[in-house]
Every structure is written in structure tokens, then in C-alpha cells.
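Protein chains in written order, with my numbering: chain A, 12 to 198; chain B, 1022 to 1374.
Worth flagging that the hints you see were computed from the coordinates, not collected in a lab.
One or more hints might be untrue.
[Said to hold, decoys possible] Mimicking DSBU-like on lysine-lysine, the simulated pairs with C-alpha atoms at most 30 angstroms apart in a straight line are:
| # | chain 1 | residue 1 | chain 2 | residue 2 |
| --- | --- | --- | --- | --- |
| 1 | A | K61 | B | K1176 |
| 2 | A | K26 | A | K37 |
| 3 | A | K51 | B | K1110 |
| 4 | B | K1176 | B | K1110 |
| 5 | A | K165 | A | K118 |
| 6 | A | K61 | A | K76 |
These numbers come from a predicted model, not from an experiment.
So you can see what is in the structure, the chains are spelled out below.
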Amino acid sequence: MAVVVNRKALTFWEKLYLPAIIGGLKVTLKHAYNTLILRKVVTMEYPEQKWTLPTGYRGAPYLVKDQDGDTKCVSCQLCEFVCPPKAIRITPPGDTGLKADRTNAEKMPAEFEINMLRCIFCGFCQEVCPEEAIFLQQDYSLTALSRGEMIYNKEKLLSLGGVSPGIQKWKHKLEEAQAQENFPVKL
Amino acid sequence: MNWNFIIFSLVKIAIAIGVVQGIVMYSVLAERKISAWIQDRVGPNRTAPPFVKFIPVLGPFLTRLGFFQPLADGLKFLVKEDFTPAGVKQIYFWLAPAVTVIPAMLTIAVIPFGSQMGAQKMVIADLNVGILYTFGIVSMGVYGIVLAGYAANSKYPFFGGIRSSAQMISYEISMGMSVIPVLLIVGNLNLSQIINWQSGHGWLFLYAPLSFIIFMVASFAETNRTPFDLPEAETELVGGYHTEYSSMKFALFFLAEYSNMVSSSAMMVTLFFGGWTLPFWGLDQPAHSLAMGIAQIFVFLAKMLFFMVVFIWVRWMFPRFRYDQLMDLGWRRFLPLALVNILITAVWLWLRS
Chain A
12 MAVVVNRKAL TFWEKLYLPA IIGGLKVTLK HAYNTLILRK VVTMEYPEQK WTLPTGYRGA
72 PYLVKDQDGD TKCVSCQLCE FVCPPKAIRI TPPGDTGLKA DRTNAEKMPA EFEINMLRCI
132 FCGFCQEVCP EEAIFLQQDY SLTALSRGEM IYNKEKLLSL GGVSPGIQKW KHKLEEAQAQ
192 ENFPVKL
Chain B
1022 MNWNFIIFSL VKIAIAIGVV QGIVMYSVLA ERKISAWIQD RVGPNRTAPP FVKFIPVLGP
1082 FLTRLGFFQP LADGLKFLVK EDFTPAGVKQ IYFWLAPAVT VIPAMLTIAV IPFGSQMGAQ
1142 KMVIADLNVG ILYTFGIVSM GVYGIVLAGY AANSKYPFFG GIRSSAQMIS YEISMGMSVI
1202 PVLLIVGNLN LSQIINWQSG HGWLFLYAPL SFIIFMVASF AETNRTPFDL PEAETELVGG
1262 YHTEYSSMKF ALFFLAEYSN MVSSSAMMVT LFFGGWTLPF WGLDQPAHSL AMGIAQIFVF
1322 LAKMLFFMVV FIWVRWMFPR FRYDQLMDLG WRRFLPLALV NILITAVWLW LRS
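Isolated chain B (complex conformation):
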């Protein structure tokens, strides 16, 4: 047993989960702020702990920005009454939030968020089947939602659960198909190797733009974001699968949704936008110094946050798809498109070899 490995892995897990939680907290704030800006509003700008007003310029600025809002939101979720409605299926009702959150957290395990610092690779688990692992874990997320819909023993959550299972399974297929060209080009399933290939040949977005578009749309559907938020659909389903949940259990669903967004963004960055690399300033090679290692982590985070903003932005841009349109788009547009994409890529690679 290699103690070094265990200790460093634990540290990396702790930091990665902490950072993801932080990003989740502040992406909720970003969601509210960006929605406000798009809708000509101001957004949260009042919440602040009492000592902040004594900080001269920074304090009011951060308060205006809503910087302390996530703390208040978190506190609210913690201290609210955890209400269990009569007639729910108790065990599943308690299980469902956990089943939703855990896969959302697990996905980040294989994502390389930096090259290396010292001798440590900046990835929790450098799996050779990284992408397969991700797809396996992501598709587990649907169980939590279906379970929540079933456990609530009420009509709206049930509809939400059913919709979500159908939607996620449909889009899982096009998502998986869309990544195959990438794997064909690179010839490797290891995410670190995919990034290495991209630092040598240029970002995969240029080689497989269609794959990227399908992957992005499918990941919108996978994370239940608008325009594919049918499982939640506030206007028709009163919140869908988490209608009956309150307090921390509801917060866990929230957490899972945003963690899924984080991991989807991270996957998009890793697969199509060169992960932690930038084609200049020597950032495309594995780091030799500590500063470079940290710089690459920030490059990765910056790219990821860009996609998070796109996720949020799109939510306030498009209306929700109708259910039949959703299925039509998934099965009759994206699936054939992804198949043709595989074929074209394969033929192109065959002709070139």
C-alpha cells in the first residue's frame, strides 16, 4: 500500500470537492445576477454580515455584487424545516437526494484539472477509461431523479421523474455517440492523453465541431437545464421531481444540478477545448514549476467558468421545448447526425492513413 498515493489522493479529493462546492454556491449567485442583468433588474445586492459595512470601498462593492448571498442561501437551507409530507415512501424519499448528489460529485474524479505540481498529476483518478467512467456515472444520476419522483407519491413529481428518465436516456445516446469521433481521432479513452493530443495538434473543437455542438446540447439536456428543463418545468409541474422536498434535501437536488453543470462544463473543456492548455506562453506543456502548475489550474477553471456562464446565459435566453419537440430533436435529429459524424470521421481518418 502506497501511503503517499493515499494521502495525496485524499488531499486532491478534498480540494476538488471544496472547489466544486464553492463554484456551485457562487454559480447560484451568478445565475441570479445574470438573470437579473438580462431582465433589466439589479439582482441580490443587500445581504451582508454586519462587519462588512466597516470595510471602506470593498465592503459596499461586494455587497452590491451579492457576494455574501450564497452564505445566506446556504444558511436558509440548513435552518428551514425539513418537512416530510404524509404518504411519501419514506426510505426512497430519504435516499433519492443522496442518489442524485453522489454521481454528480463522482464525475469530477477523472477530470484532469491541471497538468502536474511537483510529481503529482492534477487528476484524482487517471483512469484509462475516463470517458466511459464519466458516462457510466452520469447515467446513474437519472436514478435519483426517478426515485425522487416515485417516492414523493404525488402526481407532479411523478411526471417529472418519468420525463426525466425518458429525456436523459434519449440524450445519453446522442451524447455518447457524439464523443466517438473524438475518440477515433485521438485513439485513447484517457482524458489526460486526450489533452496531451490536443496540445500537440490543436483543440479538438476544430477537428470535430459537430461533435461539440451535439455534446453541448446533450449536456444541457442531461443537466436538466433550459431549454430542456422538462423534469422541473416550474410552470407546468410546480417544480417537478423536487416538488415535495424542502430544506437540505431540496438543497441537495440543487447541488446536484449545479455539480452536474460543473462536470459537464469540465468535460466540454477537456474534450474539445484543450483542458488546462493554452497554445501560448508555454502553457501547453506539463508544468515544471509550481507557478506554472497553478497557472494551468486557473486556465482550466477559467475555461470551465466560461461554459458555466454559457449554461446560465442560455437558461435566460430560450423558452422550454415541448415534450414531443424534445424527443424529436434527440432521436430524429441528433442521433442520425451523430452517426453520420462518426461515419465521416472514420472515412476521413481511413483516407488519411
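If we strip away everything but chain A, and leave its shape as in the complex, we get:
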């Protein structure tokens, strides 16, 4: 059904375009005054100024060390299997390979590579990791001069990752499970 909208005819004053011109002048002058004199600029000048990232921000995944500075990763390869874009590649130590740094682990990876060009920052690796060895951290601006440099190896991932925030994994898992149970579900 056609709806007829009655448009108000412009008055003579409005037909001269003068109110519109004066309004435009006022608005633009106000904004120019705000930016030039009061320095109210909406632009964030990026490399110098940066966002404050929210907690739980999913940046680049890095390997973390435990409180003794040892590798936490035990080379179980769960993250490699769960990784949707297949960005992670783990080379296990094999029979004759390196022993783990820490005492209560059998092994650690001979090599651990994350291709940051493939990574989609989904966080599945962090979720699946039974040892809490990999965390998505606050880094979002990863740059390099070649594709090769964007494949981060174990050494680089460990040095970027730092020391783990959580080191008692089974306690954490329990707390997480309880939190899920008690989560208020809206029906």
C-alpha cells in the first residue's frame, strides 16, 4: 500500500539556502575549533599510542615456561591436531631425543613451530593443552620482512611467552569444571 508522505514545503527563507549555509558554517567551525584549539581529536596515532587491551584478549599464541624456567610443553601434539588452519608443527624428540627440562615430564618437543601467517588466533591450542603450556597473549602486531621469519620456532616462542601465569593445572581444571556447573543458565 502506498503511503503518501506529505512533505512540508520550504519557506522562502529556507529556499534561499541561507539557514543551511549558516548551519554548515557553524558546525564546521565548531569542529575545527575543537580539533585545532581544544585538541579533541578522535584519531589515535597508532604506533605511538596504543589500545589498552581487555583481559582475555586473544593475541598470538606463545609457549610458556614454568616457575623454574623449564619448558612446560610435553610434545603431546594435541594442539597440532586441533589447530584449524594447521599453523602448528611439532617435531617430537623421538627415542633418542632430548629429555624434558623438568623432572615430572617424559619429554619435550625437539622443535615447535607456529606459522603466524596461518594462525587465526582462535585459541583452540590454549583450550586443548593439558599442560597449560601455550597461551594466547597480548601481541597483535606481528611483522617480518619475509614469510620464513613469520614461522616462529620453539626458542622464539618460549622467549616471547615468558613464565606461565598458572602452574597448577589439575586444580585449574577442577575450578573450570565447577565454574561451568554453577554457571547461571538463562532459560
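Could you slot chain B onto chain A? The hints should help.
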């Protein structure tokens, strides 16, 4: 053959074109900066050649101001790939930018940008038909745009070209009509004489305000600036007549637009705001010393730059007119208004004589 005349003319041409190019370069920067300020942004503030950061205070300041941005822009235009799309009409495609730029450059020939320095008049060609020359040359500018639209052999540029021809021809008429009262009052077509008359009687803006308003609006339309930028109309025509152009050819269209702005501003200053004169400090008489001559050139430039800023400012203030509104404004508002203005001025002059 008078060698003196030839040499001085060449020097004046070189300087005038150089200055206009400089103004064009920096008005692009001004465009970006002013748009930024109006839209609460910062604008270009990074570009600088490497040595600038060693200059203590001035270097960072100029960088913040974007002072070196035009150099980078120019370099970008030069080194970009000059792409010729398949299916364009080659000859016209190459010709169109030149046909657009040349009239834009030629207009400044008759504009007196200063009184005199020594025995030299500060105008390249002191024509007795200065205004007619300007209108003749300005209306040639439309050919380049139409040609560009036609040569590109693509729909959007074609629309742009057609719109521009209709628009420029329409507004040319009201523009020409709006200047007639000025000519009636002064009784002379020579731009230098018009300025002389204004130094004796006061600026013509006071005598013919309506003429000035029509002239200004028409020159917005002539230079394809918002609110009359229908030939370009990024949002509907993807850039209009220069859609298919790239690199230096595109830069030439850009240059032509800003040169047209410069010459329109210069015409407005000359016709309505007393050209190089100021009513005090003895600046309203032709200069006797070199310093006064230079001061008058700067007075002219300052007035002109004011209008350039108005051009830029208006662009970020108003939305674009619809095509029918544009035609309506040109033919049914400004043309009758200009005619009535002529009549009133003529009657007034007749009663006074």
C-alpha cells in the same frame, strides 16, 4: 621586436606558473588538513625526508603540519604505473588531460597580481578584453573533461563528461551575466583598470554584492567543487571523468582542478575585492618602490589564498546537489537574478548620470 618585453614576459610567465604550481601543491595539503580538522582528525603528519628530524624545533613542527606531504604525493604520481585500459580511444585519452590543464594555466595570464615593480607591470598580458579572454579560456576547460569522459569508453566517465558539459555551460551563462554589472559600473574590460577604479571608489563587492554571490557560486560550479561536483561524484560515478586515468594523467586533472580554483579565486579578488590594493598604508596606489611592489603581490596572494580556503572549507561543509536541483539553481534562480541585477544596475547608473 622588443627584447626587453619578451624577456620580462618570459620571466613573469615562469614565476607565475611556478607560484601557481606551488599553490596547487600546497592547496592539496590544505584540502587534506582542513578536511581533517573539520572531521576531528589529524591529517597527514608523518611524511618527511630523512634529514628533517635533525632540525631541532622546526623539523618536527613542519612534519606534524604535513609540510613535506605534497612532495611525496607528487613523487607518487610520477612513479605510479601509467595504465591505459583496453578499449579506450587512445588519441583522445592522451589528449584530454592536456586539454584540461592548458586552459586552466592560461587563465592566469590576464590577472594583475601586483601593481608594478620598477617599470614592469605585474601582469603577464595587460589585455583590454581581460574578462572576455578569461571567460573564453575557462569555457574551453569543459572540452577536456568531455573528451576524457568520451575517450575512456566506459559508462561512469561518460556520465561524468555529460554532466560536466551541461553543468559548466549552464553556469557559464550566469557567471558571465553576473559580471556585467561590474563592467557597467567600471566601464572597462581591462582588469588593471578595474582595480584602478576600485582603488579610487572602494571595492566593487560593496557596489555589486549580488554579482559577487552569483559569481562565487558559479565559480564553484565551474571548478567542479562541492556542492556542484557532479562530474566527479565519487559516491555515484566512481570518480567521474577521470575514473580510467592513473598516474601523471590523473595528476594533470587534479592540477587542472586546483589551477581553476586558483584562477577563480584570483578573478574574484580582482573583480570584487580590489586585487592587489588595500585601502590603507598607501597600498592602494601603484607602487613606487620595490618593497611596496612586493608587498602588493603578497596582499594579492593573501586575498587569493583566503578564497582558496573558502573553496576548500565549503567542500567539507555541504552535501552534493542533486542534478535537477543543480539545473534548477542555475537556470531558474541565478540566471533571472543576474538579469535583474543587470537591469537594476543599469537603471541606477542611468538615474545617477
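Here's how the hints hold up against the structure:
About 44 angstroms separates the Cα atoms of K61/A and K1176/B, which puts this hinted pair outside 30 angstroms; it is violated. Distance check on the hinted pair: K26/A and K37/A sit about 19 angstroms apart at the alpha-carbon level, within 30 angstroms; holds. At most 30 angstroms may separate the alpha-carbon atoms for a hinted pair to count; K51/A and K1110/B exceed this at roughly 50 angstroms. Restraint check for K1176/B and K1110/B: satisfied, since their Cα atoms lie roughly 14 angstroms apart, inside the 30 angstroms limit.
A threshold of 30 angstroms between alpha carbons decides the hint, and for K165/A with K118/A the separation of about 14 angstroms falls inside it, so the pair holds. Pair hint K61/A plus K76/A holds up; C-alpha atoms about 27 angstroms apart against a cutoff of 30 angstroms.
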